[in-house]
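Go by the hints and put chain V onto chain P.
Number of protein chains: 2
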Amino acid sequence: MKARIYIVGMGPGREEMMTVEAIQVLEQSDVIVGYPVYLKLLGERFQDKEFLSTPMKQEKERCLMCFAEALKGKQVSLICSGDAGIYGLASLMYELGREYPEVELIVIPGITAASSGAAVLGAPLNHDFCVISLSDLLTPWEKIEKRLTAAAEGDFAIAIYNPSSHKRHDYLQKACDILLASIEGERACGYVENIGRDGTRAVTCTLRELRDANVNMFTTVFIGNSGSEIMDGKLVTRRGYSI
Amino acid sequence: MKARIYIVGMGPGREEMMTVEAIQVLEQSDVIVGYPVYLKLLGERFQDKEFLSTPMKQEKERCLMCFAEALKGKQVSLICSGDAGIYGLASLMYELGREYPEVELIVIPGITAASSGAAVLGAPLNHDFCVISLSDLLTPWEKIEKRLTAAAEGDFAIAIYNPSSHKRHDYLQKACDILLASIEGERACGYVENIGRDGTRAVTCTLRELRDANVNMFTTVFIGNSGSEIMDGKLVTRRGYSI
Chain P
1 MKARIYIVGM
11 GPGREEMMTV
21 EAIQVLEQSD
31 VIVGYPVYLK
41 LLGERFQDKE
51 FLSTPMKQEK
61 ERCLMCFAEA
71 LKGKQVSLIC
81 SGDAGIYGLA
91 SLMYELGREY
101 PEVELIVIPG
111 ITAASSGAAV
121 LGAPLNHDFC
131 VISLSDLLTP
141 WEKIEKRLTA
151 AAEGDFAIAI
161 YNPSSHKRHD
171 YLQKACDILL
181 ASIEGERACG
191 YVENIGRDGT
201 RAVTCTLREL
211 RDANVNMFTT
221 VFIGNSGSEI
231 MDGKLVTRRG
241 YSI
Chain V
1001 MKARIYIVGM
1011 GPGREEMMTV
1021 EAIQVLEQSD
1031 VIVGYPVYLK
1041 LLGERFQDKE
1051 FLSTPMKQEK
1061 ERCLMCFAEA
1071 LKGKQVSLIC
1081 SGDAGIYGLA
1091 SLMYELGREY
1101 PEVELIVIPG
1111 ITAASSGAAV
1121 LGAPLNHDFC
1131 VISLSDLLTP
1141 WEKIEKRLTA
1151 AAEGDFAIAI
1161 YNPSSHKRHD
1171 YLQKACDILL
1181 ASIEGERACG
1191 YVENIGRDGT
1201 RAVTCTLREL
1211 RDANVNMFTT
1221 VFIGNSGSEI
1231 MDGKLVTRRG
1241 YSI
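So the sequences go chain by chain: P and V.
So the first sequence is numbered by the numbering used here: it starts at 1 and just counts up by one.
So the second sequence is numbered by the numbering used here: it starts at 1001 and just counts up by one.
If you're looking for bench data, these hints aren't it; they were derived computationally from the structure.
Among the hints, a few may not be true.
Simulated restraints on C-beta separations [what the hints assert, rightly or not]:
| # | chain 1 | residue 1 | chain 2 | residue 2 | range |
| --- | --- | --- | --- | --- | --- |
| 1 | P | R98 | V | T1206 | 47 to 55 Å |
| 2 | V | I1106 | P | G199 | 16 to 24 Å |
| 3 | V | E1104 | P | F51 | 33 to 41 Å |
| 4 | P | E142 | V | D1212 | 33 to 41 Å |
| 5 | P | G240 | V | E1153 | 23 to 31 Å |
| 6 | V | I1106 | P | E44 | 21 to 29 Å |
Below, a list of computed lysine-lysine pairs in the DSSO-like style, where the Cα atoms sit at most 27 Å apart [as the list claims (entries may be wrong)]:
| # | chain 1 | residue 1 | chain 2 | residue 2 |
| --- | --- | --- | --- | --- |
| 7 | V | K1057 | V | K1072 |
| 8 | V | K1049 | V | K1072 |
| 9 | P | K174 | P | K60 |
| 10 | V | K1057 | P | K146 |
| 11 | V | K1002 | P | K143 |
| 12 | P | K143 | P | K74 |
| 13 | V | K1146 | P | K146 |
| 14 | P | K57 | P | K72 |
| 15 | P | K174 | V | K1146 |
| 16 | P | K57 | P | K74 |
| 17 | V | K1060 | V | K1174 |
| 18 | P | K146 | V | K1060 |
| 19 | P | K174 | P | K143 |
| 20 | P | K143 | V | K1146 |
| 21 | V | K1060 | V | K1072 |
Remember, predicted model here, so these are calculated numbers, not experimental data.
All residues carry an ideal CB built from backbone N, CA and C; glycine is no exception.
Chain P extracted, bound-state conformation:
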């Protein structure tokens, strides 16, 4: 049988928000590899596993660690927050995996922040939507700008990941300025901090207010489409049923 590595999306953090399948796969693993913060979120039941990690920006080394462990005959799971295939390490694993034809890769999907954050805010993504990361670590900022403009032109609802960090404290402001070139300032928006963890905080606001909102790397931002509305404190994007 081929050696296997499971690439597991653990959702926002709380074990209850993982799928049954993700929990089963982790329980059957000998080794769980992940970024230290996510390993710490795993509950008691996984504490007999071997945990391996690498620091931030050593994602390639983290992936290679998985292949090395799998080749020792161990069952390996690589955990990512949210969904491993949405800004996670699934694609890097497939790229590196070309050198390891004897290893099979299996992605176990998880709840991404677009879903979990939307659930806290109401139903902001209940029609066609885009997901855009403002992190320019791996993407030129010009490409991010182009995508924001296209999303506004298509009247998509938008979920924004990585709206800010220490070095990029004004990126959400820059993104809102691009959107405000074609979207009215009163557009219904919202954001959620620490989804599925202690200190969850959800705020609804207008696009103009969002521009000056205090967000951080644990915030997911939602921008409504032209039909979105704030209803009793919830951000709701209609699908269009006649009621």
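Relative to the frame of chain P, chain V by itself:
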């Protein structure tokens, strides 16, 4: 205490692909409301529950049924396939809920087909992406066309829901023709049928081949961005790590 209705995303169908939280909420419910096909997918452990349903196109009646049951003092869950907040009934519930201030609505997120289908195909959504439904039941076709064009212009990876139905057998062809106006015919694409159910089938192909693919209402379609590639049969969209 306020009456509560849980709006539950059940994921693609298999119980293992539900979150622990979704299962717990259904187990605590007196009544489970849903489209008959989805109620049938629920396993043995829910068979002591009261099941209520309405046929397709009676979504409003299905939602009102939830409020009526909640007002009788029952704990109600409304189930939707995938994520209830992505083309599901969450937004309609919030709209109708304005008439029922005594009822609290709680959305429990689920694995949407963009996530679960991507996991089967490889990692097609591992960078910024759009989700677009080709169903024009509730959306004018012109708006769908506009969104396809904007998605291509922004070089987004794209997940397409509802690519076909009996009445709309040529919609994927129409969508591909719009995309082919600005995307090369060799663009890496793929599609998955019956995600998380019996008969799962995944195919990778080019955009030109996709145009003539045989898809149905249980297919989710994926279109890569300019950097996507088919690697050993998997559709992979790079995030951009240097390897």
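Evaluation of the provided hints:
no.	hint	verdict
1	R98/P - T1206/V: 47 to 55 Å	20 Å, violated
2	I1106/V - G199/P: 16 to 24 Å	19 Å, holds
3	E1104/V - F51/P: 33 to 41 Å	39 Å, holds
4	E142/P - D1212/V: 33 to 41 Å	35 Å, holds
5	G240/P - E1153/V: 23 to 31 Å	24 Å, holds
6	I1106/V - E44/P: 21 to 29 Å	27 Å, holds
7	K1057/V - K1072/V	25 Å, holds
8	K1049/V - K1072/V	16 Å, holds
9	K174/P - K60/P	30 Å, violated
10	K1057/V - K146/P	38 Å, violated
11	K1002/V - K143/P	47 Å, violated
12	K143/P - K74/P	40 Å, violated
13	K1146/V - K146/P	16 Å, holds
14	K57/P - K72/P	25 Å, holds
15	K174/P - K1146/V	25 Å, holds
16	K57/P - K74/P	25 Å, holds
17	K1060/V - K1174/V	30 Å, violated
18	K146/P - K1060/V	38 Å, violated
19	K174/P - K143/P	13 Å, holds
20	K143/P - K1146/V	20 Å, holds
21	K1060/V - K1072/V	19 Å, holds
When held up to the earlier numbered hints, the structure conflicts with 1, 9, 10, 11, 12, 17, 18 and fits the remainder.
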